[in-house]
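Colleague: So the chains spell out like this:
Number of protein chains: 2
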Amino acid sequence: MAKYCFGIDIGGTTVKCGLFETNGTLVEKWEIPTHKKNGGEQILPDVAETIEKKLKEKGISKEEVAGIGVGVPGPVRHNKLPFAVNLGWGEMDIGETLGGLTGLPVRAGNDANVAALGEMWKGGAEGKQSVIVVTLGTGVGGGIIIDGHIVEGSHGAGGEIGHAHVEDDIHDPCGCGNFGCLEQVASATGIARLAREEYAKKDPKEKTILEIEGVTAKTVFDAYKKGDALAERVVNRFAKYLGTTLASFSVVVDPEVIVLGGGVSKAGDVLVDIVSRYFRAVAFPAIKQTPIVLAQLGNDAGIYGSARLALD
Amino acid sequence: MAKYCFGIDIGGTTVKCGLFETNGTLVEKWEIPTHKKNGGEQILPDVAETIEKKLKEKGISKEEVAGIGVGVPGPVRHNKLPFAVNLGWGEMDIGETLGGLTGLPVRAGNDANVAALGEMWKGGAEGKQSVIVVTLGTGVGGGIIIDGHIVEGSHGAGGEIGHAHVEDDIHDPCGCGNFGCLEQVASATGIARLAREEYAKKDPKEKTILEIEGVTAKTVFDAYKKGDALAERVVNRFAKYLGTTLASFSVVVDPEVIVLGGGVSKAGDVLVDIVSRYFRAVAFPAIKQTPIVLAQLGNDAGIYGSARLALD
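Quick mapping for you: the protein sequence lines, in order, are chains A and B. Quick note: the first sequence uses the working numbering, first residue 1, plus one each step. Quick note: the second sequence uses the working numbering, first residue 1001, plus one each step.
Next up, chain A with everything else stripped away, as it sits in the complex (with noise of 0.2 Å):
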């Protein structure tokens, strides 16, 4: 019986690695460089032989070790992916490569998705099987999760969920190219645009503690949390998209929890709070209470998830 697993999470600066029991205990976590010249043809190598080294390190065997789980900046369909440009790679079967060098059983996933996964087995969804996970932070990424599975998507794009139109009135293109995303009003950014467009609007005799210069979602939500009304109208409109958007997400998906993560999610239970009051507003009768939690696994999300990837 296999006690162990790995989860790793390939980033474009380093790759998280974490030594876990089966049954969710993290027994170890470290991180090693991407190496992503020529075509990052050293990344899987790096991975293979870092683990080689850890199971040497603590006298575990292969037979021991139930796979290896890897999330990736990619559109992971089948433990394939087309492309993952923030790692220089093309086409990649993350599966077979990292298998042949190993030997181990290994699942790739994308990495928001395994983040999402991950959430799910040890984090703010711990004990659901069927979760939405949102990760608001430079952008809007997040996760579907039903009946204890991914949803990858038939492009590998399921759980985009950035990339919903939530806005007619936006002119400047996202990344995705589209106009109008969520992303560009609920990630981090969107937030600071969403302040920049208040002030602007704002009577010149309102007073602020907002300063509108060098503007964050931080300091949005400190001076949210101390009564400021340009914040407050900039939250509500932050709230509004978002808690509408995941309202009709869930008459998709009708999950047992929604989880908000991402550095956005620092503002804690006001988050919560107002992108709750926006959901059950307009949420179909049956969902108006599923509740609407705070991620717990911070950075760690990915190693946990994609461990338990290499568990399905």
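Relax, there's no trap hidden among the hints.
As a list, the in silico BS3-like pairs of lysine-lysine whose alpha-carbon atoms are at most 30 Å apart:
hint, chain 1, residue 1, chain 2, residue 2
1, A, Lys-80, B, Lys-1288
2, B, Lys-1128, A, Lys-80
3, B, Lys-1080, A, Lys-128
4, B, Lys-1080, A, Lys-288
Because the hints were derived from the structure by calculation, they are not lab data.
Once you've looked at the hints, dock chain B against the given chain A.
Modeller: Structure of chain B alone, referenced to chain A:
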């Protein structure tokens, strides 16, 4: 090896029944009345009786039957449901009750979800595994199929896509109690609503062939096909609501195909064309080319889908 299965679609007036071969060939279909008296206590015994009679008539033994699938108008989860208003039912364990009466394996699902499964099996999405089906009738229903399985949802509300919030400026309630649901602008009745709104707004000098008295989705699409400018505005508003919402759903599910069914879909290719145009305008790049097609099974989708469910 079982050769047959039954598909049973229980509606408020009639129960549609189908005897199928397990490869999806419809052997025979028929209907019995839905007896709703005494809390609908007779409905499942009537179903059991008609199945027993059909088996005898055809000389089929129960060993040859894989099972019975049942579609019902209510929030089914794990073969049970808490209520089905249109049938007079309170809490009902369909699997246990009908299984007990027939001695055959029984699987139950929500009628709209089951119809979606039918379209996946032998209709507009044949050969696909991940599908969004939208039924544009008196209301807007639908079903989400991922990897060949219905998304039931944690409250049995998976696929309740008619109740996505799409319009803040509607002040009369939807059947669900909310305001501004997709159903209020994209069902047959919703299209008639939009027609009345656009008619009221039009310049009195503008001519239209649309008879606003007794306007229906059909008369709107008929006028649209003849190039009527008012009908064009109505159809464009409808298609923008629907296409944009389907694009949002598609970043959750990333389906292989989207199927449009229900009475409104009789408008045919012009419906597909205009909805596709608004879908593509805002859909995430990887999914812009997701085909949107017409449903093919009409009122038989329910018996096909429930028969398919019996094979799950």
